[in-house]
Amino acid sequence: MTQFETVTVETDLLICGGGMAACGAAVEASYWAKQHGLKVTLVDKAAMDRSGAVAMGLSAINQYVDLNSGNNTLKDYCDYVRNDLMGITREDLVANIARHVDSTVHMFEKWGLPIWKDKEGNYVHEGRWQLMINGESYKIIVAEAAKNALKEANGEYFERVFITHPLVEGNKCVGAVGFSVRENKFYVFKAKATLVAMGGAVHVFKPRSTGEGFGRSWYPPFNSGASAFFTIYGGAEMTCQEVRFIPVRFKDAYGPVGAWFLLFKSIATNAHGGNYMKENADELAKWDPYGHVKPAPANIRNWLMMLDVMDGKGPIYMQTADAIKKISEEAPDEKAAAKKLKELEAEAWEDFLDMTISQAILWASSNTEPEKKPSEIMACEPYFIGSHSGASGAWVSGPEDLQNGDTKEEYFWGYPNMTTVGGMFAAGDASGASSHKFSSGSFTEGRISAKGAISYIVDHSEAPQVDAAKVEALKADVFKPMETFEQFKGETTDPDVNPNYIRPKQFMYRLQKIMDEYSAGVSTQFKTNDMLLAKGLELMTFLKEDAGNLAAENSNELMRCWEDVHRMYQAEAHMRSILFREETRWPGYYFRADKPNIDNDNWLAFCNTVYHSNTGEWEMKKRPVKYLTV
Amino acid sequence: MPSFVIPDKCDGCKALDKTACQYICPNDLMVLDKEIMKAYNRDPTMCWECYSCVKICPNQAIEVRGYADFVPMGAKVTAMRSSEDIMWTLQFRDKEIRPKRFKFPIRRGVAEGQAQPFDHWPTGDSDLKSPTLMCEPAGLNTDKGPVKIDHVLTL
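Going down the list, the sequences are from chains A and B.
Numbering (my numbering) for the first sequence: 57 to 686.
Numbering (my numbering) for the second sequence: 33 to 187.
Keep in mind that the hints are not guaranteed to be accurate.
As the list claims (entries may be wrong) - No more than 25 Å apart at the CA atoms, straight line, and that leaves these computed lysine to aspartate or glutamate pairs for DMTMM-like:
(1) B:LYS127 - A:GLU399
(2) A:LYS429 - A:ASP389
(3) A:LYS569 - B:ASP101
(4) A:LYS428 - A:GLU401
(5) A:LYS429 - B:ASP126
(6) B:LYS108 - A:GLU403
(7) B:LYS135 - A:GLU401
No lab work stands behind these hints: they were computed from the structure.
Kindly generate the complete structure, drawing on both the sequences and the hints.
This is the structure:
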């Protein structure tokens, strides 16, 4: 058995993660840490240049409120988010991000991100809140600024170190532990405050792909529930664990549809050319007051499409050729039309090449020229992504100055974006009930959290007290899958089939099968009920027990083992929250067949949960939704 | 196989202190077979086809073959990334369709490595309890917008 050296790193602020929120945190924290003589340390499981959800690039910035244009207000953004999430949102958190996000975008431009501009020098909007960018190097540019900020403030960053567990003493987070996937090292980070920004969760549910395309999830497969586990296991109150996100995207390769719907004004139809948004409009009243808001909530758009799919009216098509034809027909003459067509063609392909190259491969391999024929769209599998149109994450304090007398007692406890565990902050996909922050808003929320965390450290300057015995026990746990493999590998001739252990890939399949069949996955067309969930939870009990028998041959597989454990906690929080909320509120995300209607009298409320790691119990809590703008 | 390595082109990054593809893969998939000094993707089913390895490879030794379980064979999408732009070439399955080439900028006005994180605008106050973030309120404005924001807004 390989020996793993223990490396202890002491710091003031520990940032767990290296994606957009973590980079925002690194920049802002470094700025304030420099003034207060504090140290900032960032830990990334991958290489910051290409880590997190923006690794491949993006073709748009989806949150730009454009406050100084005078066209939009903070209330407008709150209205948009609240309606999209069927009323379940923390307006204090949404407004806090919205009031800062424009300065983030302006900084991105100063760092070299090419944002499209028109002839007058104004940003080109994709939609009301979205800006078009040449975003192939979006993450590289943002990571560069974050690394430069850390360097200027004498901070440091670690790459290829995978965080497994939080360190919590009493109700205070004092750091984290993890291991290197490159060297035989176990890391103990001791910190006065810890900021969680390790992304959302993919591969909790069985994907539609069956073979090699298993990794072609819409959200990246390396976002594996680390934030959710860290906060859940650390004892933080969680919110909106039932609010998964199911994007509708180009079928199979999951290429983006935003540019087609918003920029090219395309419509989607069923196989017979019927526009399901119009033909199924009678359904909308059932989901009022949200059924009739504009724009229609993402889950409602999904739902109207799913009704056609369930009625056997597929394939569902994005009518790309019609949209392009319409735009080029608006040109004054033939020459201008040809030029416009060429422009549109480049824009359409860049949309994929910047963020979902697989879709370009699929179009090229199926001889798809978008100006000539339509392309299929489809609902993906469910994901946990609190930064998009999902909402799952930790329950965090809002800012004091945005509360009113009624909200303050519920939503404010000292420091912006601090969880209910002292010194543990959360941003991006790690914080809940503040949807529609996307890349720019996640970066912004990282900034907000970082300033809050620095303020916390200045107020709580005592050195973190870490129990050495607990750390040793954690170290033994972390490496146990490797011990298990070494101990039993000789007992069969095939290391994959061994009655003494389970390898992480099979473990992930088992988790995904439970979630798919019992917790409203693809194979049940996103439907479940109380009895299916109860049965699923029974199977989860076996799975949790078997997690103790995970086996890893090397450090890469060890990471896969812990990714599975992280996903498993996200999965259980999700099942319990769907079960707790006795209604169907987001029909296009999941449908509780035993409670098929929205129940605003009883369930216009947050479903929160606290996991007690000492007893293994999940405590469910209903928290009031209190608005600031309505 | 999503990303794959062409053996004749891969030299195991002999000249570098670590292999570029192994350094960059967000999902820790690229590994170097030290016996033959060639890299490979150890788990194609966990590959996102993000092209990070393709773009960083100093020898253009890595390409992507679309997921075999749903992508018809024969097309090819290649990327050539420089410090300022990226050139894409798309070859269709049907060779009668003319290949497409696109060149897009990847950064503007700031040389690689030079993104200066701080102080593009003054920061309004130094109070850790205030809602003012670095570069605010001045950085909330553009030259274009008619509304000049002089404090962090509340509802």
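So if I understand the rule, the pair passes when the alpha-carbon distance is 25 Å or less; does B:LYS108 with A:GLU403 pass?
Answer holds: B:LYS108 to A:GLU403 is near 19 Å, not above 25 Å.
Holds or violated: are the alpha carbons of A:LYS429 and B:ASP126 at most 25 Å from each other?
The given pair, whose Cα atoms are some 15 Å apart, holds under the 25 Å limit.
Within 25 Å, alpha carbon to alpha carbon, are A:LYS569 and B:ASP101?
Distance ~20 Å between A:LYS569 and B:ASP101 Cα, so the pair holds.
Decide if the proposed pair is consistent with the structure: A:LYS429 and A:ASP389, CA atoms, cutoff 25 Å inclusive.
Given that 25 Å is the threshold and the Cα spacing comes to 24 Å, the pair holds.
For the pair supplied as a hint, B:LYS135 and A:GLU401, is the alpha-carbon distance within the 25 Å limit?
This hinted pair holds, its Cα atoms lying about 13 Å apart.
Is it true that the CA of A:LYS428 sits at most 25 Å from the CA of A:GLU401?
Distance of about 11 Å is within 25 Å: holds.
Pair hint B:LYS127 and A:GLU399, alpha-carbon separation not exceeding 25 Å
At roughly 23 Å apart (the allowed maximum being 25 Å), A:GLU399 and B:LYS127 satisfy the hint.
In terms of the numbered hints stated before, the structure departs from none.
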